[in-house]
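For the record, in the sequence shown the residue sitting at position 136 is 136 according to this note's numbering, with numbers rising by one throughout.
It should be emphasised that the hints constitute simulated quantities derived from the structure, not laboratory data.
All values reported here derive from a predicted model rather than from experimental measurement.
Do not rely on the hints blindly, as some may be mistaken.
[Stated by the list, open to error] Lysine-lysine pairs mimicking DSSO-like chemistry, simulated, CA-CA at most 30 Å apart:
1) 266 with 176
2) 176 with 105
3) 6 with 176
4) 105 with 13
5) 176 with 200
6) 7 with 105
7) 47 with 7
8) 6 with 105
9) 200 with 105
10) 13 with 266
11) 13 with 47
12) 176 with 47
13) 200 with 266
14) 7 with 200
15) 263 with 13
[What the hints assert, rightly or not] Pairwise CB distance ranges, derived in the manner of DEER restraints:
16) 137 with 198: 16 to 22 Å
17) 136 with 68: 25 to 31 Å
18) 161 with 40: 24 to 30 Å
19) 6 with 160: 19 to 25 Å
20) 203 with 14: 43 to 49 Å
21) 40 with 171: 37 to 43 Å
22) 160 with 71: 21 to 27 Å
23) 47 with 137: 23 to 29 Å
24) 68 with 4: 33 to 39 Å
25) 6 with 167: 33 to 39 Å
26) 130 with 172: 33 to 39 Å
Virtual Cβ for every residue (Gly too), placed ideally from N, Cα, C.
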Amino acid sequence: MLEEIKKAAEYIKAAVNDFEPETGIILGTGLGGFADRIETLFSLDYKDIPGFPVSTVEGHAGRLIFGRVEGRNVVAMQGRFHYYEGYTMQQVTFPVRVMKLLGIKRLFVSNASGGVNPAFRTGDLMIITDHINLMPNPLIGPNNPELGPRFPDMHNCYDSSMIALATQIAEAEGIKLQYGVYVGCTGPTFETQAEYRFYKAIGGDAGGMSTVPEVIVARHMSIPVFAVSVITNCGLSDEIGDHEDVQRQGRRAGERMAVLFEKMIKTL
């Protein structure tokens with residue numbers, strides 16, 4: 001695995017003239033429009049990068065974007081990979097490991113999720129403060145100490161200083177934020193009402209099909225993480241969810257998320 005990661009990183013470095021990003025960004029369903037705010041210097045299709053999977057889900061463009069946001073160097077995944085697509089957890093999290101070798105100092109993650117907390121409304125932005133993992137752990141299997149420790153600590157997965165900065169920026173910009181625990185599950189089915197009640201009972205505020213594996217691997221490699229969920233439907237209501245509506249809600253809320261990301265990247 002380490003040799004594959006290094007091979008992908010070397011290919012990318014050559015393709016982008018050794019451009020070194022400070023911040024890595026993973027854009028979730030319906031949130032790929034943030035890439036339009038990046039002053040793009042290089043764009044690589046996943047299919048051209050050695051070892052990279054190819055996103056098969058509508059709303060995930062499948063490009064690695066290198067450029068600047070507010071004058072700061074970034075790399076953004078315009079589309080991610082999911083366990084439900086049939087990829088292994090090692091494949092799902094492969095890009096995070098590659099971005100670490102490219103030089104990122106922090107990781108921003110976004111997703112579309114179903115609200116579990118009854119106080120949440122469709123279109124809310126939820127800052128993830130912790131997670132509950134109901135997926136296979138991406139660190140199962142042999143551990144390479146060059147990548148991280150055998151038993152990484154998952155306390156404070158989501159960086160408290162970045163959460164505080166996001167709160168400060170949101171107050172200044174008039175952006176309403178929610179805060180909560182994200183429950184990561186496999187999908188691809190949307191959850192039943194009983195499953196949503198279960199998530200609520202175990203301490204979840206929102207649920208979705210991504211993010212947790214990427215965060216676990218990022219923390220395994222000591223990358224600080226900031227993550228936002230866009231609440232695209234409310235699971236404990238009678239709303240009937242579909243993927244098209246998730247994309248629509250994601251695009252609407254994406255503008256507020258983009259402002260938050262831009263201001264944070266400029267400040268950090």
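Checked hints:
no.	hint	verdict
1	266 with 176	holds, 20 Å
2	176 with 105	holds, 27 Å
3	6 with 176	violated, 41 Å
4	105 with 13	holds, 16 Å
5	176 with 200	holds, 22 Å
6	7 with 105	holds, 20 Å
7	47 with 7	holds, 14 Å
8	6 with 105	holds, 18 Å
9	200 with 105	violated, 33 Å
10	13 with 266	holds, 24 Å
11	13 with 47	holds, 16 Å
12	176 with 47	violated, 38 Å
13	200 with 266	violated, 35 Å
14	7 with 200	violated, 42 Å
15	263 with 13	holds, 27 Å
16	137 with 198: 16 to 22 Å	holds, 20 Å
17	136 with 68: 25 to 31 Å	violated, 36 Å
18	161 with 40: 24 to 30 Å	holds, 29 Å
19	6 with 160: 19 to 25 Å	violated, 32 Å
20	203 with 14: 43 to 49 Å	holds, 46 Å
21	40 with 171: 37 to 43 Å	violated, 31 Å
22	160 with 71: 21 to 27 Å	holds, 26 Å
23	47 with 137: 23 to 29 Å	holds, 28 Å
24	68 with 4: 33 to 39 Å	violated, 29 Å
25	6 with 167: 33 to 39 Å	holds, 38 Å
26	130 with 172: 33 to 39 Å	violated, 25 Å
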